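Protein chains in written order, with full-length UniProt numbering: chain A, 1 to 316; chain B, 1 to 257; chain C, 1 to 293.
Everything labelled a hint here was simulated from the structure, so no lab data went into it.
Treat the numbers as computed from the prediction; the structure is a model and nothing was measured.
One or more of the hints may lead you astray.
[What the hints assert, rightly or not] In silico DSSO-like cross-links for lysine-lysine, where the CA-CA straight-line distance does not exceed 27 angstroms:
{"id": "1", "chain 1": "B", "residue 1": "K199", "chain 2": "B", "residue 2": "K73"}
{"id": "2", "chain 1": "B", "residue 1": "K170", "chain 2": "A", "residue 2": "K190"}
{"id": "3", "chain 1": "C", "residue 1": "K167", "chain 2": "C", "residue 2": "K188"}
{"id": "4", "chain 1": "C", "residue 1": "K240", "chain 2": "C", "residue 2": "K188"}
{"id": "5", "chain 1": "B", "residue 1": "K118", "chain 2": "A", "residue 2": "K190"}
{"id": "6", "chain 1": "B", "residue 1": "K194", "chain 2": "B", "residue 2": "K170"}
{"id": "7", "chain 1": "B", "residue 1": "K199", "chain 2": "B", "residue 2": "K26"}
{"id": "8", "chain 1": "B", "residue 1": "K77", "chain 2": "B", "residue 2": "K122"}
{"id": "9", "chain 1": "B", "residue 1": "K70", "chain 2": "B", "residue 2": "K26"}
{"id": "10", "chain 1": "C", "residue 1": "K88", "chain 2": "A", "residue 2": "K190"}
{"id": "11", "chain 1": "B", "residue 1": "K170", "chain 2": "B", "residue 2": "K215"}
{"id": "12", "chain 1": "B", "residue 1": "K215", "chain 2": "A", "residue 2": "K190"}
{"id": "13", "chain 1": "B", "residue 1": "K129", "chain 2": "A", "residue 2": "K190"}
{"id": "14", "chain 1": "A", "residue 1": "K190", "chain 2": "B", "residue 2": "K168"}
{"id": "15", "chain 1": "B", "residue 1": "K129", "chain 2": "B", "residue 2": "K118"}
{"id": "16", "chain 1": "C", "residue 1": "K240", "chain 2": "C", "residue 2": "K164"}
{"id": "17", "chain 1": "B", "residue 1": "K194", "chain 2": "B", "residue 2": "K215"}
{"id": "18", "chain 1": "B", "residue 1": "K194", "chain 2": "A", "residue 2": "K114"}
{"id": "19", "chain 1": "B", "residue 1": "K199", "chain 2": "B", "residue 2": "K144"}
{"id": "20", "chain 1": "B", "residue 1": "K168", "chain 2": "B", "residue 2": "K199"}
{"id": "21", "chain 1": "B", "residue 1": "K6", "chain 2": "B", "residue 2": "K26"}
{"id": "22", "chain 1": "B", "residue 1": "K77", "chain 2": "B", "residue 2": "K129"}
{"id": "23", "chain 1": "C", "residue 1": "K88", "chain 2": "C", "residue 2": "K120"}
{"id": "24", "chain 1": "B", "residue 1": "K6", "chain 2": "A", "residue 2": "K190"}
{"id": "25", "chain 1": "B", "residue 1": "K199", "chain 2": "A", "residue 2": "K146"}
{"id": "26", "chain 1": "B", "residue 1": "K168", "chain 2": "B", "residue 2": "K118"}
{"id": "27", "chain 1": "B", "residue 1": "K122", "chain 2": "B", "residue 2": "K136"}
[Unchecked claim] Short derived list, chain B residues pointing at chain A, Cβ under 10 angstroms:
{"id": "28", "residue": "H72"}
{"id": "29", "residue": "K73"}
{"id": "30", "residue": "E76"}
{"id": "31", "residue": "C80"}
{"id": "32", "residue": "R81"}
{"id": "33", "residue": "K96"}
{"id": "34", "residue": "G101"}
{"id": "35", "residue": "G102"}
{"id": "36", "residue": "H103"}
{"id": "37", "residue": "S107"}
{"id": "38", "residue": "R116"}
{"id": "39", "residue": "A166"}
{"id": "40", "residue": "K184"}
All C-beta atoms, glycine included, are put in the ideal place defined by N, C-alpha and C.
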Amino acid sequence: MLDFINPYYLQIGSFILINILLAVSVYVPLSSGQLSLGSAGFMGVGAYTSALLTINFDLPIMVGVVGGACVAGILGIIIGIPSLRLTGVYLAIATLGLGEVIRVIFVNWDSVTKGSIGLTGIPQIGRELLNLVRGFGFEPSMIGLKNNQFVFLMVFLLLFIIVMATIWFVVRQQNSRVGRSFSSIQMDEKAAESMGINITYFKVLSFAQGAFLAGLAGSLFAHVMGYISPSDFSYHRAVEILIFTVFGGSEVIIGSIFGAIFLTLIPEVLRFVSEYRYIIYGIMLVILMAVRPQGILDIHLLSRVKGLKRSKGGMR
Amino acid sequence: MVLEIKNVSKNFGGIHALRNVSFSIKQGEIYGLIGPNGAGKTTMFNLITNIFEPSSGEIVFNDENITGLKSHKITEKGICRTYQNIRLFSQMSALKNVMVGGHSRSSSGVFSSVFRTKAQRKEEQELEKNAEELLKLVGLFENKDLLAENLAYGQQRRLEIARALASKPKLLLLDEPAAGMNEKETDSLYDLIKIIQSKGITVLIIEHDMPLVMKLCDRIAVLNFGEKLAEGTPYEIQNNEAVIEAYLGKEEEEEIA
Amino acid sequence: MLLEQLINGLTLGSIYAIVALGFTLVFGVLGIINMAHGEIFMVGAFVGVMTTGVLGWPLWLAFIASIVVTGILGYLLERMTLRPLRGKKGVSHLAPLISTIGVSILLENLSHHIFGAGNKPFRTEFAEISIEIGSVSIYIVQIVIFVISIVLMIGLSVWLSKTKAGKALRATAENLETASILGVNTKKIITLTVIIASAMGGIAGILVGMAFNSVSPQMGLAIGLKGLAIIILGGMGNVKGAMVGGLILGLSETFLVAYGDSGYRDAIAFIMIIFILLLRPQGIFGSKIAEGR
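Chain A with its partners taken away, still in its complex shape:
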């Protein structure tokens, strides 16, 4: 019974959730006008930090995940403070360079990172959770689930909670003094500054939040997969994450969520798409920029869908 709890579907669901986190990690800096191509790098920092903490020091996964996200966030601050003097294109290139440096370090720091082979035997969240509930005398079979069904279900639910909390955080922040500062910087940096907004502070804040979220997604990725290698965090990953956000709609958070869901599902549903995925991505980016640079979902579309006449700034 309960066959509908299919590990394969749950696995895809988990990937979608991780990709939503990654898309949001691009969206947040973008909401203050910062395009970061370093998300794959920050993701890698989170993944490696958490994996190494749990493998080498036997720390609980939760400590590893929080540690991974924090290290990525702190790196975001360190990189952010000086490089946010740079605008637009320069920042994009600097973060792209950063991402590559991080990857090269993963490949070459053999003694710690095991080089291009990567790390294996990373403790997996699902098993840990299973052990935990067993400690309380609970067996999946008691609710009619097989062990692996239970494991995948728990991972999915845990990720779901984390993603929901993240979205809740970002939306609440958006509709506040902090969010208004982000969007005013995005729209006109100089005017924002002359309204008393400390633009350096808010830019670093949004950039570091993005780094933190990417690091969080990375460390969760490591503990879901159980193995990681530098190629998981290459430039292609950064581009893929960027596409989630840009395709779905970079002005609204729901755009990032939609982009991550849609673009993760499509290659799974349409197998033939999978092979040509990047070719399609490439064409899509070009067409999008020319036809609909704000992405599929935007404020106008959303307010029409909801049939609301209220302030279009309200949903940002």
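Please arrange chains B and C on chain A, whose structure you already have, making use of the hints.
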């Protein structure tokens, strides 16, 4: 003195945009800054708000030297400005624009915003209430939910003033607020600035509309080629030989008289 | 040994310089970082492999074929991805960057599908021939690469400073509006710039293929990123900066490999980007302060 400009100069790669300019503005007055295009008026605004730092000289605000202070700090001190070519947050509603203006008079951060603490909710309510009042003051209350970019030109100018007022400035800098306005709009602008003055806010205004300047200002400084040509009451300026010669020109004389 | 490394470094550096020139021309005129330049360069290299290896054409014909193909790619890039974004209201300055990223992953993965993922050898009949001067041996390939690069650089400099089209290009780079008021057909100049930059990428592709005797779909990304690093080092849109920056990067990479840790060779460029951007964002030769205010 609210603002003292002391021997301020600004060079841009060898070009003197401003040369040894000094003037001071008293509490509560409306002070005009006039002069032909390229005389350095907007540069003076940019120096006061530290978009550029002066090459030499000092800017003193309420007995405090603010030269070289970061722009956003200067706003916190109580100086706020509008721009000659309107710089609103075009994709935000009028109300939100004004609420951003209240940034320096509010303090909630990430934590209080996300968890909606009591203090944060109170602050948001106050920001909104204050913004609505300012929109009423400039006559835009009915349009508060429109995006700034969808407002008419004259409305955008007034919205910029409301946004600046939201920072509760002691000194308001207006850069050609009447530009592009018709006679009726200019009249209501006059009333608005007078109301602002009556609230105890000192106003420094750059304006090309001479009848408005002469009617509005308590004192005026004339800039020409980056130097101060004259300073005085509107009456003195209108009768200053040098000013008439250098700036007002023959054709505008009648208009002023 | 030292002299040999110096020669290796100069050879590598002169190729990098050519790649960087392609970036810098487009940036100078359009203010856009063409993220697809590396992949256009890669296509040029494959054209070289196909024409010399499969069709057995002589090298000079391979160069011409590569110039033609990459020139056409440049034209298409301008017409289909850059021009639609230009002067359109509400298009963010990040749009061309994202759009050219799109072209880059399209080209990379197309070549991946057509040519496969692995490295293709690039054989030239004089690949193994070297001359001995004292204790130093220099490969003919190195001399060919160096000479072609230098000729190209000098040619470009002369063209920019002496010819009418070159002057129009520089005027457009200086200020697009002013140039168009002065009667320069800026649309034509922009198209020409992108074509020339792409064709230079094509030439560089063959040179790299010859230098490393290997061509792969991934090389566009690797070399392209280095080109980016160089123009940031030398100053965006600065022709002289691109040349000197290329040589600096080529030499430092060669010496790192020879006397240090070769694994970090590819990191030099990016570490350079980060340091330059933090210390002197306008680059070594840049005079303009990076945008901002």
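Run the structure past the numbered hints and jot down the numbers of the failing ones, going up.
-> Result: hints 5, 12, 18, 23, 25, 40 break, sorted rising.
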